[in-house]
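Asks: Here's the letter readout for the chains.
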Amino acid sequence: MAKTIEEINEKLKKGKAVVFTAEEAVKMASEQGVKKCAEQIDVVTTATFGAMCSSGAILNFGHSEPPIRMSSISINGVEAYGGLAAVDTYIGATQPGKTTGIEYGGAHVIEDLIAGKEIELCATSAGTDCYTRTEVHTKIKLADMNQAYLFNPRNAYQNYSAATNSTNRTKRTYMGTLLPGMGNVTYSTSGEMSPLLKDPKLRTIGIGTRILLCGGEGYVAYEGTQAVNKAEKLPGGDMLYSGYTLALIGDMKGMRSEYIKAATFDGYGVTMYVGVGIPIPVIDEDMMADLAVSNDHIYTYIYDYGISTRNKTAFKLVSYAQLRSGEVELNGKKVRTAPLSSLYKARKIAEELKGKLLDGSFVMTVPAAKLPHRDKINGLETDGRL
Amino acid sequence: MGEKQIKVGLTFPPDKADKPIVTHLVRFDLGFNILKAYISPGILGTMILELKGSDENFEKCLAYLEEEGIQVKVYTDSVIRYEEKCIHCGACTAVCPSGALVMNRETWELEFDMDACLLCGHCVRACPARAIKSFDDAIL
Chain A
1 MAKTIEEINE
11 KLKKGKAVVF
21 TAEEAVKMAS
31 EQGVKKCAEQ
41 IDVVTTATFG
51 AMCSSGAILN
61 FGHSEPPIRM
71 SSISINGVEA
81 YGGLAAVDTY
91 IGATQPGKTT
101 GIEYGGAHVI
111 EDLIAGKEIE
121 LCATSAGTDC
131 YTRTEVHTKI
141 KLADMNQAYL
151 FNPRNAYQNY
161 SAATNSTNRT
171 KRTYMGTLLP
181 GMGNVTYSTS
191 GEMSPLLKDP
201 KLRTIGIGTR
211 ILLCGGEGYV
221 AYEGTQAVNK
231 AEKLPGGDML
241 YSGYTLALIG
251 DMKGMRSEYI
261 KAATFDGYGV
271 TMYVGVGIPI
281 PVIDEDMMAD
291 LAVSNDHIYT
301 YIYDYGISTR
311 NKTAFKLVSY
321 AQLRSGEVEL
331 NGKKVRTAPL
341 SSLYKARKIA
351 EELKGKLLDG
361 SFVMTVPAAK
371 LPHRDKINGL
381 ETDGRL
Chain B
387 MGEKQIKVGL
397 TFPPDKADKP
407 IVTHLVRFDL
417 GFNILKAYIS
427 PGILGTMILE
437 LKGSDENFEK
447 CLAYLEEEGI
457 QVKVYTDSVI
467 RYEEKCIHCG
477 ACTAVCPSGA
487 LVMNRETWEL
497 EFDMDACLLC
507 GHCVRACPAR
517 AIKSFDDAIL
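Protein chains in written order, with the working numbering: chain A, 1 to 386; chain B, 387 to 526.
Keep in mind the hints are simulated off the structure, nothing from the lab.
In this text, a Cβ means the ideal position worked out from N, Cα and C, and glycines have one as well.
Certain hints may be false.
[Said to hold, decoys possible] Stretch by stretch, here's where chain B covers chain A in the computed footprint (C-beta under 8 Å, at least three residues): (1) 61-75; (2) 172-179; (3) 343-357.
[Claimed, not checked] Below, in silico cross-link-like pairs of lysine to aspartate or glutamate (DMTMM-like), each with a Cα-Cα straight-line distance of 25 Å or less: (4) B:Lys471 with A:Glu103; (5) B:Lys422 with A:Asp266; (6) A:Lys334 with B:Glu469; (7) A:Lys334 with B:Glu492; (8) A:Lys348 with B:Glu469; (9) A:Lys334 with B:Asp501; (10) A:Lys201 with A:Asp296; (11) A:Lys117 with A:Asp296; (12) A:Lys348 with B:Glu497; (13) A:Lys312 with A:Asp383; (14) A:Lys27 with B:Glu495; (15) A:Lys141 with B:Glu470; (16) B:Lys471 with A:Asp112; (17) B:Lys471 with A:Glu39; (18) A:Lys201 with A:Glu39; (19) B:Lys519 with A:Glu258; (20) B:Lys459 with B:Asp404; (21) A:Lys117 with B:Glu436; (22) A:Lys348 with B:Asp501; (23) A:Lys14 with A:Asp359; (24) A:Lys16 with A:Glu31; (25) B:Lys402 with B:Glu436; (26) B:Lys446 with B:Glu470; (27) A:Lys334 with B:Glu454; (28) B:Lys471 with A:Glu217; (29) A:Lys27 with A:Glu39; (30) A:Lys356 with A:Asp251; (31) B:Lys519 with A:Glu103; (32) B:Lys471 with A:Glu118; (33) A:Lys348 with B:Asp404; (34) B:Lys438 with B:Glu454; (35) A:Lys117 with B:Glu445; (36) A:Lys348 with B:Asp463; (37) A:Lys334 with B:Asp499.
[As the list claims (entries may be wrong)] Ranges between beta-carbon positions, derived for each pair: (38) A:Glu232 with B:Ile425: 28 to 38 Å; (39) A:Ser325 with B:Ala403: 52 to 62 Å; (40) B:Gln457 with A:Leu234: 57 to 67 Å.
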């Protein structure tokens, strides 16, 4: 009973398709089995709302009179890249403000733009024969820009390690504040709702897949940076998938403040919470089997973030059901767990995408190309100096 | 009249830091627990106390402190969570020592229990969305 994406789209159009959120699908599968679900469900919506540092926006301001070839650009006091054409720029989410530091950075500029706020643009240039202006100071809103789109090189991590800290000092990390002596554990994947954990073999998500990005229409642009296909068969028979990432793109003008949030990780830096929703068509029973996997069969390792190394020590393999229970056992001691990605928001995104599929305002695309398979990930070799 | 429990912030003027003031609170038949204190002679001192007792005794105690020139603030809310800014991520629950900030495991919304709050302020810095502001920045 294999179905194509086109067939499912046709069913959606006729109002005859059945759409479930990932959590609803997991529940139904546990009660009625995978086969029944595969027969009845056409699309499963997945979502995540987590901190994704590798994000940013491409902006085009339009030309001033006389024009300027901007080479040094700042937006609300945050530096934006000046190495593109005259009035194009890229502002990275993690860029700290020149005077505001990590309390107001690139992500905050992006958040303010999406909220419709006016931002202050300052740019300078050496001046050329064709671009005589050397300075510009003005105020501009998202609606005034020609193009403004997020282009996030690494989003939607398939699965992320959980973090603890074995040292005797508090560590302020991108995994939150980690208390000494393994005082807490933080985790950041939406588990059974996570898009790439529900399509771990990348059978339906590909280049050109239409998604919900920060509440607006977006697309999978390419594989994400550092993407790697890791699949480990665990002793109990469950699979541990991790490592794949997506590069995402989407028009900022259609985005909503509710699904994007600039953030400051204390002692670490600026980052951006990005809301991603991806529909997964139930093309066959195997697809449904992957979609049916629940939090007690999805695992991650708890790593020691206390020590700065790329080869972190893994302390324990835990399931998302354990992490979400509020505590896990580490070294014979009960340790509190805390999420960092918002499951509350992820649920809202999955629900919203379900609604849009059903009312016809979101139509699934057939990928233009498959995402590449990556066997390994390279490190960076240095000359040995520290 | 039942017993109640309140949290108060005391500000000691520089010239009061060396006076034995807290010890006199015993006279008012109140249970007290020092949650946080920074007192040093010659500089402005701050202290956060949790007091337990009857309304009548609270009033007497607060009158005494004011008489001694100690500024008193009664905290009815120790931290204020800005609802519209909170994304319910849970980062604050990683550092909350008393469990005052917890995730509701059904809805995955953040919940706050004022009675359990120790006014440590760790959550204020740990909140990525900067959604938690302290009632009184001076106590942090």
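Asks: Of all the hints numbered above, which does this structure not satisfy? Sort the numbers upward.
Replies: 1, 6, 11, 17, 21, 22, 26, 27, 33, 35, 36, 38 and 39
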